[in-house]
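Model the full assembly from the supplied sequences, consistent with the hints where possible.
Chains as they are written, first to last, in my numbering: chain A, 393 to 1006; chain B, 393 to 1006; chain C, 307 to 654; chain D, 307 to 654.
FYI, nobody ran anything at the bench for these hints, they're computed from the structure.
For each residue, glycine too, the CB sits at the ideal point set by N, CA and C.
Treat the hints with caution; some may be incorrect.
[Said to hold, decoys possible] For each label pair, taking beta carbons as the anchor points, the in silico distance ranges come out as: (1) Lys-643(C) to Gln-927(A): 37 to 43 Å; (2) Ile-457(C) to Val-1006(B): 56 to 62 Å; (3) Thr-652(C) to Val-818(A): 32 to 38 Å; (4) Ser-615(C) to Gln-600(D): 18 to 24 Å; (5) Ser-533(D) to Ser-533(C): 52 to 58 Å; (6) Ala-509(B) to Leu-454(C): 44 to 50 Å; (7) Thr-650(C) to Pro-891(A): 33 to 39 Å; (8) Val-818(A) to Leu-417(B): 53 to 59 Å; (9) Glu-625(C) to Gln-927(A): 55 to 61 Å; (10) Thr-504(A) to Glu-625(C): 51 to 57 Å.
[As the list claims (entries may be wrong)] For lysine-lysine, the following DSS-like pairs were computed, each having C-alpha atoms within a straight-line distance of at most 25 Å: (11) Lys-445(C) to Lys-581(B); (12) Lys-581(A) to Lys-548(A); (13) Lys-581(B) to Lys-456(C).
[Claimed, not checked] In silico contact screen, one side only, chain D against chain B (beta carbon under 10 Å); selected entries: (14) Ser-364; (15) Tyr-619; (16) Ala-639.
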Amino acid sequence: MTKQVRQLDRVVIRFAGDSGDGMQLTGDRFTSETAQLGNDISTLPNFPAEIRAPAGTLPGVSSFQVAFADYDILTPGDAPNVLVAMNPAALKANLADLPRGADIIVNTDEFTKRNLARVGYDSNPLEDGSLAGYSLHPVPLTSLTVNALAGFDISKKEAERAKNMFALGLLCWLYSRPHESTIQFLRQKFARRPEIAQANIAAFQAGWNFGETTESFAVRYEVKPAQMPPGNYRNITGNMALALGLVAAGVRSKLPVFLGAYPITPASDILHELSKHKKFNVTTMQAEDEIAAVGAALGASYGGALGVTTTSGPGVALKGETISLAVALELPLVVIDVQRAGPSTGMPTKTEQADLNMALFGRHGEAPAVVLAACSPADCFSMALEAARIALTYRTPVILLSDGYIANGSEPWLLPDIADLPDLTVTFATEPNGPDGRFLPYLRDPVTLARPWAVPGTPGLEHRIGGLEKADKTGDISYDPANHDFMVRTRAARIEAIPVPDVTVDDPDGTARVLVLGWGSTYGPIGAACRALRQRGLAVAQAHLRHLNPLPKNLGQVLRAYDRVVIPEMNLGQLAHVIRSRYLVDAISYNQVRGLPFTAAELESMLEEVLKNV
Amino acid sequence: MTKQVRQLDRVVIRFAGDSGDGMQLTGDRFTSETAQLGNDISTLPNFPAEIRAPAGTLPGVSSFQVAFADYDILTPGDAPNVLVAMNPAALKANLADLPRGADIIVNTDEFTKRNLARVGYDSNPLEDGSLAGYSLHPVPLTSLTVNALAGFDISKKEAERAKNMFALGLLCWLYSRPHESTIQFLRQKFARRPEIAQANIAAFQAGWNFGETTESFAVRYEVKPAQMPPGNYRNITGNMALALGLVAAGVRSKLPVFLGAYPITPASDILHELSKHKKFNVTTMQAEDEIAAVGAALGASYGGALGVTTTSGPGVALKGETISLAVALELPLVVIDVQRAGPSTGMPTKTEQADLNMALFGRHGEAPAVVLAACSPADCFSMALEAARIALTYRTPVILLSDGYIANGSEPWLLPDIADLPDLTVTFATEPNGPDGRFLPYLRDPVTLARPWAVPGTPGLEHRIGGLEKADKTGDISYDPANHDFMVRTRAARIEAIPVPDVTVDDPDGTARVLVLGWGSTYGPIGAACRALRQRGLAVAQAHLRHLNPLPKNLGQVLRAYDRVVIPEMNLGQLAHVIRSRYLVDAISYNQVRGLPFTAAELESMLEEVLKNV
Amino acid sequence: MSETSVGGPGRLTLSAKDFKTDQEVRWCPGCGDYAILATMQSFLPELGIPKERIVFISGIGCSSRFPYYMDTYGVHSIHGRAPAIATGLATTRPDLSIWVVTGDGDALSIGGNHLIHALRRNVNIKILLFNNRIYGLTKGQYSPTSELGKITKSTPVGSADAPFNPVSLALGAEATFVARAIDSDRKQLATVLRAAAEHQGSAFVEIYQNCNIFNDGAFDILKDPSSRDAALIPLEHGRPLTFGRENQSAVVRAPSGFGLTVRPTSEVSPDEIIVHDETIADPAYAFALSRLPQADLSHTPVGVFRRVSRPTYDGLVREQIATAAADVTDREAELAKLLNSGDTWTIL
Amino acid sequence: MSETSVGGPGRLTLSAKDFKTDQEVRWCPGCGDYAILATMQSFLPELGIPKERIVFISGIGCSSRFPYYMDTYGVHSIHGRAPAIATGLATTRPDLSIWVVTGDGDALSIGGNHLIHALRRNVNIKILLFNNRIYGLTKGQYSPTSELGKITKSTPVGSADAPFNPVSLALGAEATFVARAIDSDRKQLATVLRAAAEHQGSAFVEIYQNCNIFNDGAFDILKDPSSRDAALIPLEHGRPLTFGRENQSAVVRAPSGFGLTVRPTSEVSPDEIIVHDETIADPAYAFALSRLPQADLSHTPVGVFRRVSRPTYDGLVREQIATAAADVTDREAELAKLLNSGDTWTIL
Ligand SMILES: Cc1ncc(C[n+]2csc(CCOP(=O)(O)OP(=O)(O)O)c2C)c(N)n1
Ligand SMILES: Cc1ncc(C[n+]2csc(CCOP(=O)(O)OP(=O)(O)O)c2C)c(N)n1
Ligand code: SF4
Ligand code: SF4
Ligand SMILES: [Mg+2]
Ligand SMILES: [Mg+2]
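Quick look at the structure:
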């Protein structure tokens, strides 16, 4: 190797191209290679809006960002160090995110007059000096690929399609990534068309060799493995982790899992994934609508399954009436809301945290439900299990919030030992529990305050339940005023009484006067911002909520220990509203509602302002 | 007249009997007579739960309470001075509400062994001394009626059915009510069966004469007319007032009114009433479900009508997704929620205030809507107009909350002059508003921040709107992050900026240190409790919210002027939650969730406690 | 619960009484729902299914109070959603006998979508639609089966929408079993319930039910001894469609050549008379039958219109699961394998 | 907007171009939606309705982007609810020409209830269901029209629910106008759109639409020159139902005596061949027609199945209002009367 090798601690690469350019695949492969190397990783795909736009247009740009480092990282990075732009649209759509000095690798073949005009470039940015501040690497990716594949028995179009593998090869060379698994992957993917597999492998290798030989790249980089807890890892997206968590919940509870779902972006992939795991006695039903989906899930729960429904905001809006029924029936039900930008249809492919209000308050009557939120892709696995645990133990609907950011983003996940997963075994009622051998469906367990789960098929426990107010213990219809008051308070109290872990505070030297409180997917950016501040000697504490109802019992105490509480949210302050009300703490609400995750940098500068003023 | 006449300032009578006994009609007639006399009145019907129960059972009891006084009163009274009990079930179901010493008029004919046993009376309460503390008037109402009608050519059953008119006659005698209008009413009601009309009139007169002659009633009472503002009055229920308010809104806006509704207790009567007013260009559509109902209303609004939908909690839960669309489309829409006890089906015939959370927060995404609440039956008229005014002026969904208590309760209503009603004239867009003659559907009015209402049929203004995020001004689909943030904030800000009247405080001598803050139907009981306290020399201030989003601009200042704020609600503290969060005021939340309005007495004693402790 | 068998293995000695609950039945006196309840309670024992394996799921409406009065498992759910809830239950619990009780508003108004989807899926549930052509529980608004021009609380000058024909709608939705019965004819109702219970898949049964409070006499033409024989067309598999006291009327092809019509038996040749066949694969016949009734309900067929076999949704789904799970012995080990699948790496 | 009339008073000179918007059309290249859009844009001018009186209302789905591309009024609403929204608009605005654009998921899955109710009400709206037998927008899940056993993202081992036949469903829901067309046959599509536009009441048009990304070739049998003639049965009012390149196939009554079937023309006598009649009052004929297609779509009738006249919901409702409002001259005075009605009293 004649080229210089430089060590880096962290790199952020963004692959961007047309929807048809295979950028997601390219990014995935790069991520995989990188993971094998032991770096910590965080990824973020960015799909075009819901319809495939015509090729070469700005709305048609698809990108995939991957950050990797020799330490544990929290976000896919605010600003890429490297942009791979497969066409002018990709360059234009992403340039604003690049810091000056970043590397830009462009596919010059696509910078034709027509393509430039299409996205509104008056002159060619590769030539007009407008990219002077960047380190530009013009590479005729398409023609190099086609040339490299000249000897293959494939069409020109097929040869051109392999240009993403050329680019991947080049990047793998540039960052000294291994490539065995990509070659193996390509062999498998195109098992039925070996000539295509070979061509892609050849393109990949041509890209690698191009890096090795061209003058355009003088330096090669290395990023050392990160110090990560020992164990087996895989890279995982939030949606995949939710699906696996639900499968695990079925295994650990020994119950069938029934998913009732209606497709909706960005939640559909949970349905897709779960539909592959029938061997675990997981039933997936694509229902006629969201109401049927949650209804069927509740019906399955009634029958003794773990009933689950997955959706996004508009779907939860439709499910409210049935969730309210589940509150009255006191049956287990897991409702997963992968939030997207609203209101109404909003921006379906963009992330947001604006469904917290609906999860907490969006039902008629006093209809308390448990509300949880996952904070990172891998955390989705644990939180799916936690949602199932609470639903099964306390016989209540549990709403688990995720969002588009962690749903599609990925990070390394330390694979758990199955035996270490929580034991979710449930006990169905089998015997009458009342005087004279009567069965009292609303006689509560003194500890959990849960009512017995007596599934149809159990002799002697025949009983009727419904959405009308029920008499305490007997479950008979009751219009008694005192009983209603009692039942309303009991339903609220039993949710409030569910033990949830105390919130932990990350306040390394205990000197912080400002606490940043977050929930959900802001965990990464908040954490990164806090780290950056601390590295600059500024003390700041971080606490993150995964249980939003009930809230951790120590939260009030935690909040009051700080002079100032800042709550960053991708909404207009929904958690802040709850915190202010509950603890009468004058929390500062910091909000951005752009359909994008916070950048660590913006949080850092916002927090710096706050720190100045305490 | 040989009997003594005693003056009273206030009387509360409860008529109670079987569903088939005509108690609602009896109460209505008594109310009407009383209103003619110039007393202030307040009424409260109490229907059995949703299914007609078998005759003579406790769940089958139907009652009607009327309070009337020579001063302005605020509630139908906590405890009746007189109970008319048509059967043992009626006695049993209502006895607990009676203060000792109250008059009880019972229909002894119904106190048979079988009827007594049916409701669990081991012995006859008329004879076993258990009613010793009351002033009991045993009257064989049925047989007296049948005897009185001996000469009429009607069946025995028909004769028996007239017993409620006998009771009414007796009560009219007892409280010196006029009876012309009842006689006229009966003539009209049974116009097609004159012999029935005659019989009922005869029964009524027999009841009157019975009072005059029997020993059982030694005293007769009079309640002087109240001092009420001069004008024309009628007695009105909340649902009727809402319906008339909507008709008035149509007239005053010169727009067609379109009601999309799906029947649901206790809101259905608004649909029933509005369906009678087609001559005002009011269209009522009984839709296939609540979603279709609000959808059709929104479609009508899009076409330039005043789109309205009326429902109760479960219906609002279903409408959330469409309301969210209305937020995005920025079109006028009035959503009326006549709240009932929840969660789920709950207690459909009982009142509650537990949908405030849903109204404020029950939609996905940041989907702000205006929320109003009527505070008394007659207030429903004004609030329907206010809802229409805001919806039309600001092009926004407005959720107007009523509840079962004021929906069916009634009070005298000072009939307004049509010319004094707000002018709701709207201006549709007719001309392009953008550069180059373009039409910009999201270019806002600088004052109202409303977008133009350009209805189909307007040449040159063809445009497309939808639930996807829209670019500012043009309304084109936009995924631009900054635009989304801007639009989210703009939608919130434009609602927040809607001018609403300042909240007024009733603090007669300005010395109060405790403020009672209420909303909705608690107005009456809170007011009555405050009066009672003040009569006892205790200072307490009352403020009542009719605008819940946006809140009155002076509210913070008002709250901070008091040492203690108490918020009584028929829920678990939903307004309190908002107030605490917004103003960081440590408001005390006082809650009863019994499906019944507060009694003035309980509020009085609760407030007395609070007063002691400031 | 006695498990002693009578009349053969697996048969239980249950009686109507065993299916009564301690809840006071709260329909209006005279309501047609009583007759249906009584029929159900006395019919169920013959199925020989233990009580605990029977589930009634209803929506909201007068009819939907039904589960409270059946001493089986039961859910009185929310308006219109019973078919969806029952589908989830049926899919996971093949051992249960699941009955949906619903009303014309519950099933055809708010619940229309769930109904048609349950039928097309052929989920193994029995759907009993108590059709009183009115909203009973909410006190008398018109329903999707009320006749055009119906005057009700919500339509003081008459409704403006033509009703559904529930049987036609069910057939259009690919239903495999469609029948009609009348509350007051307990024997015929029991026959239909029996056939429904035996059917593998969704069985849709429309039951004409009198609401004596808000729509009294809606079906009198089919009940009154003076009119019913001329109005009712009893459907019996394999029997020619003649009816009337002396079988004086016959169902034949309509003159246009399409659909069916009624003619005096004396005026048609016997081989023109349609012989009823529940099992014809093409629903066109059953559909044609469903169009016979006139606006006044004369010429109303009662009995089983259609009964054909088609795989059930729940059966197919369970088959897929069984196939997939067939060689899983240790689920925890399998889970470990799943979690560890894909590109994994090890940090030491 | 030019109001110059051509070809007669009230006619406008509009062209396809007038109906194009400035929005870039964002369907996948090759999507069947393009052809439908183009046909609509070139067909609309012939109606002579000014642009501002035309409204397109859609739900959510690829197909539902349609309104953005039509320079008329338009609402891209929410999933499944377009028929409900359109009903509110149509009821209050008789002067508009209202078109609902929807997909097989939008109309038949989440929106099934609104669809069947709009049809039974016979609201004056035209419903165009773009049936690609897949969920396009959400990237390839099966839909209620996907064939049984369909392998999709959400059904990796095949779907377990039998599809709806949209035409049968519409007929079961009392539709007065039901037709089918194919995206690629612009002439026939225009003919059907014309008939739909002329129909008073709900017109339901199923348009087979190719989704070349997620369900490519679903209708190839009806498009491929080598197969289409044998597969397609063109419906023309008053013409015998023969088809095939040489009219070698004919539609006749099924041997069972019920339903219809296809036989070689040569083997049947001419008077056995069904003569198509859109206007038969009894929907049994159109229903029988709707059952002809085989699982592979051979024997698929295209054209107008049924076109009958029945009062429209919106028309009846407006009539009621007009009658009631007829003698109201001063609405404010009338309002004063209304408020002052009932028992009133005066305090001086
Ligand atoms: C979401 C919702 N909307 C409306 C209602 C009110 N509601 C209860 S039952 C019913 C209709 C009852 O009619 P039907 O289904 O025919 O039953 P019936 O009472 O006639 O047996 C309605 C509208 C409700 N409970 N929930
Ligand atoms: C309430 C709600 N649920 C789900 C979705 C997601 N969604 C959008 S379109 C669609 C189905 C699209 O299929 P179809 O109607 O056949 O239209 P196509 O895209 O095939 O034209 C779904 C499930 C949504 N937008 N809203
Ligand atoms: S209202 Fe009608 S349907 Fe309901 S219980 Fe009474 S009679 Fe039966
Ligand atoms: S996904 Fe299918 S239906 Fe949607 S635009 Fe692409 S080709 Fe058309
Ligand atoms: Mg009914
Ligand atoms: Mg589709």
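To see whether the hints hold, each was checked on the structure:
| no. | hint | in the structure |
| --- | --- | --- |
| 1 | Lys-643(C) to Gln-927(A): 37 to 43 Å | holds, 41 Å |
| 2 | Ile-457(C) to Val-1006(B): 56 to 62 Å | holds, 60 Å |
| 3 | Thr-652(C) to Val-818(A): 32 to 38 Å | holds, 35 Å |
| 4 | Ser-615(C) to Gln-600(D): 18 to 24 Å | holds, 19 Å |
| 5 | Ser-533(D) to Ser-533(C): 52 to 58 Å | holds, 55 Å |
| 6 | Ala-509(B) to Leu-454(C): 44 to 50 Å | holds, 49 Å |
| 7 | Thr-650(C) to Pro-891(A): 33 to 39 Å | holds, 34 Å |
| 8 | Val-818(A) to Leu-417(B): 53 to 59 Å | holds, 54 Å |
| 9 | Glu-625(C) to Gln-927(A): 55 to 61 Å | holds, 59 Å |
| 10 | Thr-504(A) to Glu-625(C): 51 to 57 Å | holds, 55 Å |
| 11 | Lys-445(C) to Lys-581(B) | holds, 20 Å |
| 12 | Lys-581(A) to Lys-548(A) | holds, 20 Å |
| 13 | Lys-581(B) to Lys-456(C) | holds, 22 Å |
| 14 | Ser-364 | holds, 8 Å |
| 15 | Tyr-619 | holds, 9 Å |
| 16 | Ala-639 | holds, 8 Å |
Going through the hint list in order, the structure satisfies each hint without exception.
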